[in-house]
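Each chain, written out:
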Amino acid sequence: MKVVALVKAVPDLSESRYSKSEQRIQEKGPRLMPAVSENVLEVVRQIREMGKEVSAAGMLFGNQSEEAILRKALAFGLDQACLISGATDRTDPHVKSKLIAKAIEKLGVPDILVVGGASGFGGGGQVGVRVAELLGFEDVWTVQDAVSAKSKSVLVVEQGSNQPRIPNVMAVMKAGSKEMVMFKAEEFLTADEQKPVALISREEWLA
Amino acid sequence: MDFTFTPEHQMLREMVKKFTEKEVRPLSQKIDQEAKVPMELWKKAAELGLLGIAFPEKYGGAGAGEMGYCIMLEELAQGDASFTVMLGAHISIGAMSIYLDGTEEQKQKYLTKMCSGEYISAFALTEVNAGSDAANIETTAALKGSDYVLNGTKFYITNGGIANVVIVFAVTDKSLGAHGGVTAFIVESKTPGFKVGRELDKMGIRGSNTVELIFENVRVPKENVLGKIGEGFKTAMKALDRGRLSLSAGCLGGSKRALELSLNHAKQRVQFGKPIAEQQAIQWMIADMAAEIFAMESMVYRSAWAHDQGMRITREAAIVKMYCSEALDRIVDRGVQIHGGMGFIRECDIERAYRDARINRIFEGTNEIQRLVIARDVLTKGAY
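Protein chains in written order, with numbering that gives the first Met the number 0: chain F, 0 to 206; chain V, 0 to 383.
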């Protein structure tokens, strides 16, 4: 069985500041893996413990500088990691989902996709279901711990839903030498296709 | 020069920090009060692979090198000094003696179980009349048939009462003195004649098990001679070189925790209408603490790096041990001063840190011995 886990990279909110004039967070310092991704990786670990032949990969949509986050994910016992970088915009869930779905197709569609719910940064929590839609997965489950699924499923794990175990030191030391697949966003979508979907107001929507 | 830690070492630090905060620190007061480290904590450390951190994968270790080992002890020491000493004695001098001078068979038989945590190890060199003067060892080992028969008493043995395997240093030829007359043996604690004497009631690191060990006609098979006959003193010195460096990493961790506790207190304690952290007298103490921690951190990791590059670090290990143990003492002393009356009360963490710190200037070779080692090395080889 093949499992893919989506791992997030969020700004370090203890370092970053909110700019009132720009109405956005001015990021400072490297991005970090949020707690919800550790909850995701705990579910993957449990799936591995349930079955004998499970291969698990972690995927991150971000910048090349965030490879360290994927290395950390590998320390939780994944076999392989995949980084999608170079997107012209990293905030739009629609574009993000399309790129992730394409990368997953290239990597090999898994039996189970494990994703985190809202991270507490963007807070959208949309990517999991959007990717499920794009890949044609029929079942989306919100879970706390591992469950056995018969058909191809997306498991959505919310922050704090389980107690992530601390990785073993052997896994930590091996994380650096595990396979890291690098994808560029332009391999999948042109710059035009990566343009964020314009947000419209409620009034515009109703009209 | 590149002073950054590798991504693996950074992850390792993060992982041990999490373990320390979640599992170790909450037990620290209990460990001190009950003078015992719960075996459950040992098992949890074993499950995470911490006990084999310094050894190669082929023996069940993690291959994190001296650098990784020092990172681990620095972080653990921010949780509990007794537990750090328990692990330090097991890894740095107990298991390390077998790793450094054991045969492949001995490593497979003992080191693998020490890495997995199945065996706890201890290192028995010191005696009542042979501490710094290791040449004065009175425990004897006489060859009788295919066994060596050990007789004598060891003192101040960390983990001695809970160890499955003890590295024992005994005189095999009195006429040759320390260099040539002392041999190291791997002794299983289940061997008839192996007795645990009294447990010592200590000022600090109270949870660490420190006992007297008595050997009454303990028969040790020849294949359990560690290293060569008569070269036990070399084995001891090599292991102690490693132990001194990792002990210093523990001092570094203890110092960081003492500074953290002091900062928290100084920011909260209001006197004369403002937090005492705003008083110059307190700021000077904080500055001195931070400066010494910077020096400790620099020397610990420079030496660990040098070791991992294959360099011999006898002089460096002695310097680092001497400096870090004394700096820790100064830092916890300032910490108690910053805490004021509260720092003298048992329920306050800095009070325990003050008591736990003191032993570092004594064990693993007193600081007076470290100064001898440093001075002799400088006098014979030149300053730098």
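Hints were generated in silico from the structure; no laboratory data involved. Treat the hints with care, as some may be off.
Claimed, not checked - Pairs of lysine to aspartate or glutamate, EDC-like flavour, derived with a Cα cap of 20 Å: (1) K173(F) / E13(V); (2) K29(V) / E13(V); (3) K43(V) / E48(F); (4) K173(F) / D307(V); (5) K177(F) / E56(V); (6) K16(V) / E203(F); (7) K17(V) / D11(F).
Claimed, not checked - Stretch-level coverage of chain V by chain F, calculated; a stretch enters the list once three of its residues show a Cβ under 8 Å from a Cβ in chain F: (8) 41-49; (9) 75-81; (10) 102-112; (11) 352-359.
Keep in mind that this is a model prediction, so the values were computed, not measured. In this text, a Cβ means the ideal position worked out from N, Cα and C, and glycines have one as well.
Problem - Numbers of the earlier hints that this structure fails to satisfy, in rising order - result: 2, 6, 9, 10, 11
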